[in-house]
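**Q** When you get a sec, could you build the whole thing from the sequences and use the hints?
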Amino acid sequence: MQVARMAGFNKRVAYNLAKAYANQLETGEDYLLLNPAIAVTITDFILFEKRDNFINKFVFKEETKNFECLDKQLRLIFLELPKFKKALSELNSLTDKWIYFLKEANRLDSIPENLGEVSEIEKALNIANRINMTVEELDIVERRAIAMQDERGRITYAEEQGEEKGRLNQTIALVIRLLKKRFGEIPATIGSQIEDLLLSDLESLTEDILDFNSLEDLESWLHEHSPS
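Its first residue numbered 0, the sequence shown is counted upward by one per residue in numbering that gives the first Met the number 0.
A portion of the hints provided could be inaccurate.
[What the hints assert, rightly or not] Keeping only pairs whose Cα atoms sit at most 30 Å apart, straight-line, the calculated DSS-like set for lysine-lysine is:
hint, residue 1, residue 2
1, K85, K64
2, K10, K82
3, K60, K71
4, K164, K179
Read the hints as simulated data drawn from the structure, not as lab findings. Predicted model only: the values in this text are computed from it and were never measured.
**A** Spelled out as structure tokens, the structure:
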């Protein structure tokens, strides 16, 4: 945003537009790859004294006949904030809401309800508020954010652990059920060994059960895979 008119303002606008257009291509690349360039300039001062519109758009035109050329490849758009007079209750379009925010951001402590409908505006206000904070205020906000992230992390970890425990118990129950169907009642010592297995080993055991001919084969398998 341009907060005050400065020497070379017009040249700066023209330079930024030309640079944005030219920088699309690397040396030797085809001009067909170029996209139209639009330079949007937002001013906190009146730029066009004799015009009432707060948004003015410009393209290349012939000087005397006023017809367009270059097919709108280069365009200039100016937004003059002092000319925007709508009150908060009069904001209807998305454009109106953004312009109101740009004009009033430094006076807003929180997002009004009808601006809060646009989540990006709330994010922009949060960024603006952070920029204006003192070092001490910023440190407090960051410490609160870290604390919230830590708490979310603890909750997520607990949920993941609960899910892992649930999968483990389900797999143990499946293994015991398969073994009972194959060999009948399973000794308590073997049951305890199965309960001590990792989930990955339990999943392997479900695949290997059909290869066992006796409980001795199972015990040998458990001995090889028992946690050290």
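**Q** Now, for every hint given, state plainly whether the structure supports it.
**A** So, going through the hints one by one against the coordinates:
1. K85 x K64: Distance of about 36 Å is beyond 30 Å: violated.
2. K10 x K82: holds (23 Å)
3. K60 x K71: holds (10 Å)
4. K164 x K179: This hinted pair holds, its Cα atoms lying about 23 Å apart.
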